[in-house]
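Modelling step: build the complete structure from the supplied sequences, incorporating the hints.
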Amino acid sequence: MPAADTIIELQDVAKHYGAVRALDGVTFTVSAGECIGLVGHNGAGKSTLMHVLAGTGIPDQGSITINGTLQSGYSVQTAHRLGVRCVFQELSLCPNLTVAENTRISHAELKGWGWSRRAAALIMGKLDEIFPGHGIDANDVVGDLAIGKRQMVEVARAFTLTDAPLQLVILDEPTSSLDAHTAAQLLAYVRRSVAGGLSCILISHLLGEILETANRIVVMRDGKVVASEAVSAFDRARLVATMGGAAARERAAPAALAGDQQSAPVMVSARAADGDGAAELVAHAGEIIGLAGLAGHGQTRLLLEIFETPPGRGGNLSVAAPVALVAGDRQTDGIFPLWSIADNIGIRSLARLRRGLLLSRELETGMAADWQKRIGIRTPDLDNNILSLSGGNQQKALFARALGSDAKIILMDDPMRGVDIGTKLEVYELIREEARRGRTFLWYTTETEELGNCDRAYVFRNGRIVAALDRSELTEEKIIQSSFAEAAS
Numbered sequence: 100m101p102a103a104d105t106i107i108e109l110q111d112v113a114k115h116y117g118a119v120r121a122l123d124g125v126t127f128t129v130s131a132g133e134c135i136g137l138v139g140h141n142g143a144g145k146s147t148l149m150h151v152l153a154g155t156g157i158p159d160q161g162s163i164t165i166n167g168t169l170q171s172g173y174s175v176q177t178a179h180r181l182g183v184r185c186v187f188q189e190l191s192l193c194p195n196l197t198v199a200e201n202t203r204i205s206h207a208e209l210k211g212w213g214w215s216r217r218a219a220a221l222i223m224g225k226l227d228e229i230f231p232g233h234g235i236d237a238n239d240v241v242g243d244l245a246i247g248k249r250q251m252v253e254v255a256r257a258f259t260l261t262d263a264p265l266q267l268v269i270l271d272e273p274t275s276s277l278d279a280h281t282a283a284q285l286l287a288y289v290r291r292s293v294a295g296g297l298s299c300i301l302i303s304h305l306l307g308e309i310l311e312t313a314n315r316i317v318v319m320r321d322g323k324v325v326a327s328e329a330v331s332a333f334d335r336a337r338l339v340a341t342m343g344g345a346a347a348r349e350r351a352a353p354a355a356l357a358g359d360q361q362s363a364p365v366m367v368s369a370r371a372a373d374g375d376g377a378a379e380l381v382a383h384a385g386e387i388i389g390l391a392g393l394a395g396h397g398q399t400r401l402l403l404e405i406f407e408t409p410p411g412r413g414g415n416l417s418v419a420a421p422v423a424l425v426a427g428d429r430q431t432d433g434i435f436p437l438w439s440i441a442d443n444i445g446i447r448s449l450a451r452l453r454r455g456l457l458l459s460r461e462l463e464t465g466m467a468a469d470w471q472k473r474i475g476i477r478t479p480d481l482d483n484n485i486l487s488l489s490g491g492n493q494q495k496a497l498f499a500r501a502l503g504s505d506a507k508i509i510l511m512d513d514p515m516r517g518v519d520i521g522t523k524l525e526v527y528e529l530i531r532e533e534a535r536r537g538r539t540f541l542w543y544t545t546e547t548e549e550l551g552n553c554d555r556a557y558v559f560r561n562g563r564i565v566a567a568l569d570r571s572e573l574t575e576e577k578i579i580q581s582s583f584a585e586a587a588s
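Each number in our numbering comes from the position in the sequence shown (counting from 1) with 99 added on.
I should point out that these hints are in silico values taken from the structure, not numbers from a laboratory. All residues carry an ideal CB built from backbone N, CA and C; glycine is no exception. Just so you know, nobody snuck in bad clues.
List of simulated lysine-lysine pairs, DSBU-like, C-alpha gap at most 30 Å: (1) 523 - 577; (2) 472 - 523; (3) 472 - 507; (4) 523 - 507.
Simulated restraints on C-beta separations: (5) 334 - 162: 30 to 40 Å; (6) 456 - 239: 41 to 51 Å; (7) 528 - 334: 21 to 31 Å; (8) 113 - 334: 29 to 39 Å; (9) 174 - 240: 28 to 38 Å.
Right under this line is the structure:
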């Protein structure tokens, strides 16, 4: 029986997508004023369960009870009326509308003369409350915003309040596009809101966020709940072990570069066009180079400029070999949503997948199957549409596309968004292995601990490189200090 303060109960919920069993008889409860940390590897069923709770997914079986009332014909509108909001991992804002107009979509009561002004005041007030210094305007077109700012708008919109009540906010990987400073702002706000009586479900593959923010942790594996206990019952090691994935062993960081590697050919060099006094980015063959600093300060822009630069070009930007890009914003810049998984993996390698003048389906399928095995893409059929994969498995397909290509330079734009810890460790090892073979990696990440895999990192501020840090200096404090410094260090 649910506790007396239970506000939501999902009972025996099941959901299948063809041969894929996403949910297998899940029972899940939420109490008033608690933050539940929901964890599990990619494909464990977390996002599917949240779609059911948010009304955007219809279960094949099971029941939903909210505030003691069994729901029939449950929908998004019903969820909103009962105070259930969700920030999905794949952002749902309308890119052609402004920030204020997107707010109006969630609040039908904002109508009549002056609705735009009221919507703007509503969203800006919440952005100021959660993310002080956010730099967003209510009249900004969402599609023109960087992904981190789009995520901030979506999060803030979920917490806005007009006529409808607010009981529960579901946050599915809410910090995946945020830098450490902005993520800390959000998690502090979540803790304040829960202390004030709001309920929250936090899904994150950053286990530190779960352990520091949640009151209770629910672990899912293969479509089932396998543990539900107070956060005090877990430490990082037990949490990883309960998830059933890679053991909680952190693989050793790569050894420091040897002198002969320091003298290896320069594969990428870059300096800001207005970079008087700014540091120059230099990446040698076999190096893993980190791009750090607060989100939106030019890291992604530089990666895209490198991606678009033909090999051999000099000047402020020089690239010595073909490149491949692993996009962090996979929905916009990564996947081809109408194509199969195999087609998405093979698109960067068409030249070597030909037999004569035509593409060989056999070669394409063989390449995709090889990388499915190497990187652990969870699917029963590589001919399935790419959207049949969970978000993390879609990201694995983008890694397979880049690493399976002939590119000597791999650009990674915060690529671990929504990827579980087991997969991260596997990908880190793949990156190191490819670097040992001479590939060069430029890696923008908002996760400071990922920089421990890099040989060197460059900190960005306002589009300029303001610091070059060796691995021994790669601490969150040092990066934030460099990010806010008034002058280049």
